[in-house]
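There are 2 protein chains.
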Amino acid sequence: MEKIFGVLSMKHLLLVSVALNVSLILRVIDGSEKEILNSEKVHVCKNMQLFLSSSSSSLFASTGIEAQDGWERVINLDRGDPLMYEKYWQQMGDKTTIVIPGWQSLSYFSNVSNICWFLEPKFAKEVVRLHKVVGNAITKNHHIVVGTGSSQLFKAALYALSANDASKTVYPSITDFVKSGLQGILVHDLAYYWPQYTSISFPANHDLMLFTVSTITGHAGMRIGWAIVKDKEVAKKMTKYIELNTFGVSRDSQLRAAKVLKVVSKSCTEPSSSSEDESFFEFSHHQLATRWKLLRLAVQKSGQFSLPEFSPQNCTFLGREFKPQPAFAWLKCEHQKVNDCESFLRSKNILTRSGKQFGFSSKYVRTSMIIAITIVPIDDQLPKIQCLAKDDELGCQ
Amino acid sequence: MEKIFGVLSMKHLLLVSVALNVSLILRVIDGSEKEILNSEKVHVCKNMQLFLSSSSSSLFASTGIEAQDGWERVINLDRGDPLMYEKYWQQMGDKTTIVIPGWQSLSYFSNVSNICWFLEPKFAKEVVRLHKVVGNAITKNHHIVVGTGSSQLFKAALYALSANDASKTVYPSITDFVKSGLQGILVHDLAYYWPQYTSISFPANHDLMLFTVSTITGHAGMRIGWAIVKDKEVAKKMTKYIELNTFGVSRDSQLRAAKVLKVVSKSCTEPSSSSEDESFFEFSHHQLATRWKLLRLAVQKSGQFSLPEFSPQNCTFLGREFKPQPAFAWLKCEHQKVNDCESFLRSKNILTRSGKQFGFSSKYVRTSMIIAITIVPIDDQLPKIQCLAKDDELGCQ
Numbered sequence: 000m001e002k003i004f005g006v007l008s009m010k011h012l013l014l015v016s017v018a019l020n021v022s023l024i025l026r027v028i029d030g031s032e033k034e035i036l037n038s039e040k041v042h043v044c045k046n047m048q049l050f051l052s053s054s055s056s057s058l059f060a061s062t063g064i065e066a067q068d069g070w071e072r073v074i075n076l077d078r079g080d081p082l083m084y085e086k087y088w089q090q091m092g093d094k095t096t097i098v099i100p101g102w103q104s105l106s107y108f109s110n111v112s113n114i115c116w117f118l119e120p121k122f123a124k125e126v127v128r129l130h131k132v133v134g135n136a137i138t139k140n141h142h143i144v145v146g147t148g149s150s151q152l153f154k155a156a157l158y159a160l161s162a163n164d165a166s167k168t169v170y171p172s173i174t175d176f177v178k179s180g181l182q183g184i185l186v187h188d189l190a191y192y193w194p195q196y197t198s199i200s201f202p203a204n205h206d207l208m209l210f211t212v213s214t215i216t217g218h219a220g221m222r223i224g225w226a227i228v229k230d231k232e233v234a235k236k237m238t239k240y241i242e243l244n245t246f247g248v249s250r251d252s253q254l255r256a257a258k259v260l261k262v263v264s265k266s267c268t269e270p271s272s273s274s275e276d277e278s279f280f281e282f283s284h285h286q287l288a289t290r291w292k293l294l295r296l297a298v299q300k301s302g303q304f305s306l307p308e309f310s311p312q313n314c315t316f317l318g319r320e321f322k323p324q325p326a327f328a329w330l331k332c333e334h335q336k337v338n339d340c341e342s343f344l345r346s347k348n349i350l351t352r353s354g355k356q357f358g359f360s361s362k363y364v365r366t367s368m369i370i371a372i373t374i375v376p377i378d379d380q381l382p383k384i385q386c387l388a389k390d391d392e393l394g395c396q
Numbered sequence: 000m001e002k003i004f005g006v007l008s009m010k011h012l013l014l015v016s017v018a019l020n021v022s023l024i025l026r027v028i029d030g031s032e033k034e035i036l037n038s039e040k041v042h043v044c045k046n047m048q049l050f051l052s053s054s055s056s057s058l059f060a061s062t063g064i065e066a067q068d069g070w071e072r073v074i075n076l077d078r079g080d081p082l083m084y085e086k087y088w089q090q091m092g093d094k095t096t097i098v099i100p101g102w103q104s105l106s107y108f109s110n111v112s113n114i115c116w117f118l119e120p121k122f123a124k125e126v127v128r129l130h131k132v133v134g135n136a137i138t139k140n141h142h143i144v145v146g147t148g149s150s151q152l153f154k155a156a157l158y159a160l161s162a163n164d165a166s167k168t169v170y171p172s173i174t175d176f177v178k179s180g181l182q183g184i185l186v187h188d189l190a191y192y193w194p195q196y197t198s199i200s201f202p203a204n205h206d207l208m209l210f211t212v213s214t215i216t217g218h219a220g221m222r223i224g225w226a227i228v229k230d231k232e233v234a235k236k237m238t239k240y241i242e243l244n245t246f247g248v249s250r251d252s253q254l255r256a257a258k259v260l261k262v263v264s265k266s267c268t269e270p271s272s273s274s275e276d277e278s279f280f281e282f283s284h285h286q287l288a289t290r291w292k293l294l295r296l297a298v299q300k301s302g303q304f305s306l307p308e309f310s311p312q313n314c315t316f317l318g319r320e321f322k323p324q325p326a327f328a329w330l331k332c333e334h335q336k337v338n339d340c341e342s343f344l345r346s347k348n349i350l351t352r353s354g355k356q357f358g359f360s361s362k363y364v365r366t367s368m369i370i371a372i373t374i375v376p377i378d379d380q381l382p383k384i385q386c387l388a389k390d391d392e393l394g395c396q
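So the sequences go chain by chain: A and B. Number 98 in numbering that gives the first Met the number 0 belongs to position 99 of the first sequence; there are no gaps in the numbering. Number 346 in numbering that gives the first Met the number 0 belongs to position 347 of the second sequence; there are no gaps in the numbering.
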């Protein structure tokens, strides 16, 4: 490891750290990082002995280990916990607050006249409205099937399209596939076909399209996704899979999702009178654009890494041309002596996902662009991924 | 069919209809049925052309078909949609209302220091408290795994206890099994081990116990259940299954469930000052006791049906002896010329589930004791089960 360490200078590592930790960079740039670092009461979880340095400069030099009570700081870019969006929802205040009385939604059934009997009508209405506002998918004459996140919908699609009993199918453990062709029907995962990630060039009109709330608004904890399905029989079979699997989908989360999607649609269609009413997609597009710009700048300066280049396309929704700015960046280690980029970065306390896991070269790693600051514990018995969130979310009350 | 009809007189059928439709009976008895029948604006869903007679007497004589625009009225006792509890939650007013701001619970992760990383700490706390209050299960030194209803937890348990890859296992389509032994560990489904259904004789302390919110409080739409697991490795594997299956469980519903369970616990431990503060288990126990009493009376009068007899046991929670009063009643058709009780009742517009579906005799049917009024459409293309709920739940807004 010392040998590899010698390959890249401390300066390079520092640059990579800066480059990868785009979330931190942005927080410094917009001043909010200072707030975080000065507010240890909020961000230090005493019960769990997490720690966060109170010196901003040390964060950027933290390629070594800084341990305290069995914990060390790690920059986790492996998973895509979409906390980048939290700020927007805080800005929106009460607009997306939902109130659910105790006597509401007791029944298993949301809409018994629908093929998907557990689909909340209010949620379906807002899904249709949002696709119309953004212009990224056709919903007319299609069926909507709601799922507990896109992972369940993916399996429901496999079940519906497979000739064999899906309970005998070995499912892949990843959900971020692109296209899975079965029996002539393609499953289109359009989770990222939204204006913060890519240009909207046409309203998609495929046989089976998958979407999820987490990638649009960041509400991953809701576990709500949906499929837009042309064929009635496929929609019926997908519904049957979810019926057998979880006997429906949380009605509470569907109602909350409906409220959030409605606010997103309204932020796009009603002229904003203040920064609080900023269009959701303008906000999130801007956030990602800045992160990508900084990442490219740092990678360029390092001279040891590279990123894929994209061509600009016109976006019918934002009304301008821009290059794709994906939620995950594929970083390539260009140095000839480093073949396993993931292990190398891991030794520097930067977690990423190796290209190997996607059937590709280990010279590449996948890094998340939508996370917040993350911390992981050393203890093997605990999960390796830690999100620095509010204390109560980390179990410290 | 005419032949069979001749076997039992109209009087008998009328009695059976009265007996089975215990929900309606009770509503008449406590006066709320009158409210329902007089408030057609609320309960008649115009868009769907459902209908409900405004004459209460005709409901009890409705063993024939009354069709209107392709719909007919059917008494559905097949499934256990637990709407019986709705009244209690209406009584409780704002006490169980939950408010969730838009910026809350964005992350996938609820508690990264826990084996079950998607378990909300507040929910876990209320689960532990409720078991302690009721005295029906030991939680100390056990692990809690939350699931999207008990159906998902059942499969997670199979996955955790099976030597083979659970993705290759053919799952049974029913979830209300009693005990499934795999590799020496028994799965105890204790969904009904609550004081409204059966005497609490001891705190259960098994290797793997399953519970679900729907059977306790009636909040089936939340899709929240939990497992109490002794072995750490089993808890880890169950968590892994749910991670692969739905990547967690709705955080919104867990938070709502926490609030509801807290109110249940408090209603049991704090002395009631008014009927609004009535102990939840006293209320629900009383409701079921009345239903069972009426059902037994009607069955006895009919002379053509029978019900199982139960022995009374002392309940440590309610502090008195009582006979079990299950959420489902097993009704046996005693007439020697009727071998298929389900078909016979179906021809009279009463839906039940045949004993055959449980590997038993077709002379028996399972009938739900916790439903509200239900209606089904004739049209085969629509789902067969209809719950008469509020208009917005039926898609009529």
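Just so you know, the hints here were simulated from the structure itself, not pulled from any lab data. Just so we're clear, the structure is a prediction, and the values are computed from it rather than from any experiment. Take the hints with a grain of salt, since some may be wrong.
Which copy is meant is left open, because identical chains are indistinguishable; a pair holds if it fits in one copy or across any two.
Simulated crosslink set (SDA-like; lysine to any residue; CA at most 20 angstroms straight-line) [unchecked claim]: (1) Lys336 / Ser305; (2) Lys265 / Gln89; (3) Lys239 / Arg352; (4) Lys86 / Pro100.
Against the structure, the hints:
1. Lys336 / Ser305: Answer is within; shortest intra-copy Cα gap is 15 angstroms, inter-copy 81 angstroms.
2. Lys265 / Gln89: within (17 angstroms within a copy, 32 angstroms between copies)
3. Lys239 / Arg352: between (34 angstroms within a copy, 19 angstroms between copies)
4. Lys86 / Pro100: Between copies only: 13 angstroms across, 27 angstroms inside.
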